[in-house]
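Please take these sequences and the hints and turn them into a complete structure.
Quick note: the sequence shown, position 372, residue 372 per the numbering used here, numbers continuous.
Rather than coming from a laboratory, the hints here were simulated on the basis of the structure. None of these values were measured; they are calculated from a predicted model.
Label-pair restraints from in silico Cβ distances:
1) Glu131 - Asp498: 55 to 61 Å
2) Asp446 - Tyr67: 52 to 58 Å
3) Asp405 - Pro208: 37 to 43 Å
4) Thr66 - Gly625: 50 to 56 Å
5) Leu149 - Arg201: 15 to 21 Å
6) His441 - Leu152: 28 to 34 Å
7) Thr339 - Leu16: 34 to 40 Å
8) Asp31 - Ala305: 54 to 60 Å
Think of the CB as a built atom: it goes at the ideal place given N, C-alpha and C, for glycine as much as any other residue.
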Amino acid sequence: AADQLRALSCLSVPGLRAASFDGDTPLAERDWVRAHARWVFTNPDMLHRSLLPRHGHWAAFLRRLTYVVVDECHTYRGVFGSHVALLLRRLLRVCRRYGSAPTVVLASATVAEPGDFASRLTGREVVAVTEDGSPRSGRTVALWEPPLLPELSGENGAPVRRSAGSEAGRMLADLVIEGARTLTFVRSRRAAELTAMGASRLLAEVDPDLAQRVAAYRAGYLAEDRRALEAALADGELLGAATTNALELGVDIAGLDAVVVAGFPGTVASFWQQAGRSGRRGEGSLVMLVARDDPLDTYLVHHPAALLDKPVEATITDPSNPYVLGPQLLCAALEMPLTDDEVRDFGAWNVLTELAEQGLIRRRGHGWFVTDESRPHESVDIRGGIGTQVAIVEGDTGRMLGTCDGGRAMSTLHPDAVHLHQGETYVVDELDLDAGIALVHQENPDWTTSAREVTDITIESVVQQREAGRVSIAFVDVEVTHQVVGYLRRLHSGEIVDLVELEMPPQTLHTRAVMYTVTPELLMAAGLEPDRFPGSLHAAEHAAIGLLPLVATCDRWDIGGVSTALHSDTGLPTVFVYDGHPGGAGFAERGHDQLGRWLTATREAISDCECAAGCPSCVQSPKCGNGNHPLDKDGAVALLGVVLEELEHNS
Numbered sequence: 001a002a003d004q005l006r007a008l009s010c011l012s013v014p015g016l017r018a019a020s021f022d023g024d025t026p027l028a029e030r031d032w033v034r035a036h037a038r039w040v041f042t043n044p045d046m047l048h049r050s051l052l053p054r055h056g057h058w059a060a061f062l063r064r065l066t067y068v069v070v071d072e073c074h075t076y077r078g079v080f081g082s083h084v085a086l087l088l089r090r091l092l093r094v095c096r097r098y099g100s101a102p103t104v105v106l107a108s109a110t111v112a113e114p115g116d117f118a119s120r121l122t123g124r125e126v127v128a129v130t131e132d133g134s135p136r137s138g139r140t141v142a143l144w145e146p147p148l149l150p151e152l153s154g155e156n157g158a159p160v161r162r163s164a165g166s167e168a169g170r171m172l173a174d175l176v177i178e179g180a181r182t183l184t185f186v187r188s189r190r191a192a193e194l195t196a197m198g199a200s201r202l203l204a205e206v207d208p209d210l211a212q213r214v215a216a217y218r219a220g221y222l223a224e225d226r227r228a229l230e231a232a233l234a235d236g237e238l239l240g241a242a243t244t245n246a247l248e249l250g251v252d253i254a255g256l257d258a259v260v261v262a263g264f265p266g267t268v269a270s271f272w273q274q275a276g277r278s279g280r281r282g283e284g285s286l287v288m289l290v291a292r293d294d295p296l297d298t299y300l301v302h303h304p305a306a307l308l309d310k311p312v313e314a315t316i317t318d319p320s321n322p323y324v325l326g327p328q329l330l331c332a333a334l335e336m337p338l339t340d341d342e343v344r345d346f347g348a349w350n351v352l353t354e355l356a357e358q359g360l361i362r363r364r365g366h367g368w369f370v371t372d373e374s375r376p377h378e379s380v381d382i383r384g385g386i387g388t389q390v391a392i393v394e395g396d397t398g399r400m401l402g403t404c405d406g407g408r409a410m411s412t413l414h415p416d417a418v419h420l421h422q423g424e425t426y427v428v429d430e431l432d433l434d435a436g437i438a439l440v441h442q443e444n445p446d447w448t449t450s451a452r453e454v455t456d457i458t459i460e461s462v463v464q465q466r467e468a469g470r471v472s473i474a475f476v477d478v479e480v481t482h483q484v485v486g487y488l489r490r491l492h493s494g495e496i497v498d499l500v501e502l503e504m505p506p507q508t509l510h511t512r513a514v515m516y517t518v519t520p521e522l523l524m525a526a527g528l529e530p531d532r533f534p535g536s537l538h539a540a541e542h543a544a545i546g547l548l549p550l551v552a553t554c555d556r557w558d559i560g561g562v563s564t565a566l567h568s569d570t571g572l573p574t575v576f577v578y579d580g581h582p583g584g585a586g587f588a589e590r591g592h593d594q595l596g597r598w599l600t601a602t603r604e605a606i607s608d609c610e611c612a613a614g615c616p617s618c619v620q621s622p623k624c625g626n627g628n629h630p631l632d633k634d635g636a637v638a639l640l641g642v643v644l645e646e647l648e649h650n651s
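Here you go:
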C-alpha cells in the first residue's frame with residue numbers, strides 16, 4: 001500500500017487525508033488514522049487482528065464508510081480466500097451496526113467468471129464490469145526448457161536438468177548487462193536468495209559495480225529493508241531483483257523492461273500478473289518462462305497454447321469449510337453477539353452446534369456469545385498456515401531472522417536443514433515446536449536440503465462417487481498421517497550427495513481427497529503385470545499432483561498424494577490426491593470435477609518428457625518419502641490411458 005499512498009498523495013486532493021494502516025504503521029500514528037483518515041489502505045490481516053476486534057475505536061470511521069475496495073481480488077483463493085470471504089461478511093456486519101452500507105468494489109485484471117467469484121467472496125449480488133480499457137504495449141513471451149546434463153545423475157540415476165533457478169540467474173545477469181531493468185520471479189524465499197547470488201557472481205566477472213545492482217526481495221524481510229529495496233528498484237539504483245510473489249502485486253514499479261519467471265507460478269492468472277510487471281512505460285517488453293523440473297512445466301513448454309491461449313482459471317473459495325467457518329464464527333460472535341438469522345446467513349447451524357458442544361459458544365437472551373475461554377482472533381491464521389508460528393533465531397546472537405508456520409516447520413526447519421536469509425546461509429541446530437522456535441547458525445555448505453515424508457491415508461466418508469466401468473471415482477473425507485523421515489542433500493548442480501534419516505513426530509490432517517480405483521484386470525489388459533502395479537500407480541500419482549494446478553488454482557505444495565496397489569479401505573489399486581489444509585481447500589474437488597481433462601494432461605506430460613525412465617520433469621517428486629521408488633514411467637502412461645478410455649466410454 002505504500003506506493004499507492006505515495007501516488008495518491010501526489011494528486012494533492014484537498015481534504016483527502018489518506019493513510020496506511022498495516023503492521024508497519026507506528027503505534028503513535030494509529031490513533032490519528034482512526035480519528036482523522038478518510039481513505040485507509042490496509043490488508044486482511046489488520047482487519048482481522050486489529051480493526052474488527054476493536055471496532056468500537058473505529059466507530060466514527062465505520063459510520064461514514066462508503067466504499068470497500070478489494071484490489072487484486074484473484075489472490076483471495078483457497079483457504080486464504082475462504083477466510084477473506086468470511087472476513088468481508090464480518091466487516092459488512094459490523095458496518096450495519098453503525099448504520100452504514102458500503103459499496104464493495106473488487107478489482108482484478110486476471111480473474112475468470114468475475115461476477116460469480118465476486119458474489120462468492122462478498123456474499124452479495126454483484127455487477128461485473130469486464131471491458132478492458134487499459135493501455136498495452138507489445139510483449140514477447142518465450143518459453144525455455146533447460147537442457148539435460150548428461151554428465152550428472154540424480155536420484156536413482158535419473159537425468160539431471162539444469163535448474164530453473166540457475167538458468168534464471170544467468171538470464172538476469174545477461175539482461176542487466178544489456179541495461180534492461182529486470183525482475184526474476186522464483187517460487188520460494190530460498191530460490192530468491194540463490195538466484196540473486198548467482199546473478200551477482202556472474203556480474204562480478206564482467207563489472208563489479210553491476211554486481212551491487214542486483215538483490216533479492218521476498219516476504220520475511222524487516223519492513224525497513226523492504227522499503228529500501230522498493231525505493232532502489234523504483235529509482236533505478238537496482239537494475240535487477242530476484243523475488244517471490246511478494247512483488248507480483250501491490251508494489252508499483254514502473255519502467256521494467258523484462259520479466260523472467262523461473263518455474264510456472266501455479267496459475268495462468270499469476271503468470272500474467274507477473275508478466276504484467278514489464279512494459280509499464282508503454283514500450284515493448286520481454287517475458288521469459290523458464291521451466292522447472294516439474295510435470296506441469298514440462299507440459300506447458302511442449303503445449304504453449306495451454307498457457308498463452310488459455311483463459312485464466314476460475315478462482316476457488318469455500319467459505320463453508322468447517323475448519324474455516326468455525327473459527328470465523330467465534331470471531332464474529334466476539335465482535336457482536338450472533339443472531340439466529342445471521343447464523344442462517346452464514347449457513348452455519350451444524351458448525352455452531354459443534355462449537356456449542358465444545359463449550360466455545362453459548363446461547364443467551366440476545367444471541368450467541370463466545371465463552372470466556374475463547375480467544376479466536378489470536379488463534380486464527382487467515383492465510384492458511386497450519387499450526388502456530390515458529391520463530392527462526394540465530395543462536396549466537398539471538399537475532400530473529402523470520403518465521404515459519406508450524407505445519408511446515410518439520411519439513412523446512414528440521415535439524416541440519418539449510419535455511420537462506422538475505423543472501424546468507426544458515427543451518428538449523430534445533431527445532432522446538434512446543435516453544436515455537438528454531439535455532440540456527442551461519443554456515444556455507446555446498447548443498448541444499450529437501451525433506452522426505454511418508455504418508456498414510458484412510459477414508460472417513462464418501463461425499464460423491466461414480467462408476468466408470470472398471471474405474472471408480474470418488475470425492476472423499478480422509479485422515480492423512482504424514483511423517484518426515486529424512487532429507488536429501490543436493491549439490492547446486494542437482495547431484496544427490498546422500499539421504500540422511502530422521503525420525504520426526506507424525507502429524508495428522510483431516511481433509512478431503514479425490515481418488516480413483518482400478519481393477520487388477522484392467523491393469524493387466526493394459527499390459528501391466530502385478531509386479532508393475534506399484535510403480536505405475538506411484539508414477540501416475542506423482543505426475544497428477546504436478547498437473548492439478550492446470551485445472552485448479554493451487555500450487556503442488558498445497559496438495560499431496562498417496563498410491564497403493566491394494567488399499568485397505570477399497571481392496572483395489574488406488575490413487576489419492578488430497579488437499580493439504582484441514583477440511584480441504586477446494587482443490588481436490590476441482591480435480592474430481594475436471595478428472596478427464598486433468599488426467600489427459602498428466603498422461604501427455606509424461607509422454608512428452610524426453611527422459612528414458614522417469615525424472616523430476618515427469619514422474620519424480622521432490623517430497624517422496626519412498627525415495628522415488630518404485631516408479632514406472634511407461635506403466636503410468638498405460639495406466640492413465642486405460643483410465644481415460646473407461647471414463648470416455650462410460651461418460
